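Count along the sequence shown starting at 1, add 53, and that's the number in this note's numbering.
If you are wondering where the hints come from, they were derived from the structure by calculation, not from laboratory data. Keep in mind that this is a model prediction, so the values were computed, not measured. You may find that some hints are simply not true.
In silico SDA-like cross-links for lysine to any residue, where the CA-CA straight-line distance does not exceed 25 Å [unchecked claim]:
{"no.": "1", "residue 1": "141", "residue 2": "100"}
{"no.": "2", "residue 1": "132", "residue 2": "95"}
{"no.": "3", "residue 1": "132", "residue 2": "254"}
{"no.": "4", "residue 1": "204", "residue 2": "241"}
{"no.": "5", "residue 1": "204", "residue 2": "117"}
{"no.": "6", "residue 1": "204", "residue 2": "259"}
{"no.": "7", "residue 1": "267", "residue 2": "296"}
{"no.": "8", "residue 1": "267", "residue 2": "204"}
{"no.": "9", "residue 1": "204", "residue 2": "83"}
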Amino acid sequence: MANASTVYVITGANRGIGLCMVQILLARPQTTVIGTVRSDDGRAQLLAGSADVVRGAGSKLISVLVDYAAGLESQDITKAFSAALAGKGVRHVDVLVANAGHTMVMGGVLETTAAQMRELYEINAIGPLVTLQGLWPLMTQGRVGQGRPGKGAYVLVSSSVGSIGMMEPVPGGAYGPSKAAANWIAKAVHAQLSGGDGGAGGVVGVAVHPGWVKTPMGDTAARSWGMPEGQGPTRRPEDSANQTVALI
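Using the sequences plus the hints, can you model the full thing?
Right, here's the structure in full:
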């Protein structure tokens, strides 16, 4: 008999689009949301931000401490999730939403430093990769073992700033290249793993542009591009989260 609970992992779950997705999903019945946060303060923010959600029957939230700036390997992800899920009855993951990300002032090619590139690649490109690798058994063999139908899903919350073919006429600093690398990984997941050859069940992959959202990251981009006050991002995080969840 198939396990009735749908299990989502949302990285960077304590604020912005990530927190809004947690709120939306917890309102559904039989849904387990596993949210990653980088610190105890982030965990408190996640719990406070989801406390007023009227949860669907059988739904629950689990938090996992993961600091993507810490130079993680896939085994670090496996260890963190194993500890957080111990005794919780979670034996599979249906959807991984790689939402955690970071940006800084976006300069031009000549102003972007090597240190900035290394920092943002660690969080924005390597983080999503090692998370997929660390959760791979739960997304494939775990789903098959629990009788889950269809395939798992890997969803990258990306940005149009990372587009090469449709590069925008604004500087992307280190953020753009790091998101371009993450986009490549998302497409490679679909090309290499969606048929099931990479593991039981297979995993489809997609990169999603959430729009220019009114978050600290969106405001940082506006300042980088010299946007006048009030002419930066206006899209609400909850609107972006609803669209992303609908796509998933």
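Checked hints:
1. At roughly 17 Å between alpha-carbon atoms, residue 141 and residue 100 fall within 25 Å of each other, so this suggested pair holds.
2. The straight-line distance between the Cα atoms of residue 132 and residue 95 is roughly 19 Å, inside the 25 Å bound, and the hint therefore holds.
3. Distance restraint check for residue 132 and residue 254: the Cα-Cα separation of roughly 23 Å lies within the 25 Å cut-off, and the hinted pair is therefore satisfied.
4. Simply put, residue 204 and residue 241 have alpha-carbon atoms about 16 Å apart, close enough for the 25 Å limit, and the pair holds.
5. Note on residue 204 and residue 117: the hinted pairing holds, with a Cα-Cα distance of about 24 Å set against a maximum of 25 Å.
6. For the proposed pair residue 204 and residue 259, the alpha carbon gap of about 13 Å is at most 25 Å, so the pair holds.
7. About 15 Å separates the Cα atoms of residue 267 and residue 296, which keeps this hinted pair within 25 Å; it holds.
8. Using a Cα cut-off of 25 Å, the hinted pair residue 267 and residue 204 is violated, with the two alpha carbons roughly 33 Å apart.
9. Proximity of residue 204 to residue 83 is assessed by CA-CA distance (about 18 Å); at most 25 Å being required, the pair is judged to hold.
When each numbered hint is compared with the structure, a violation occurs for hint 8 only.
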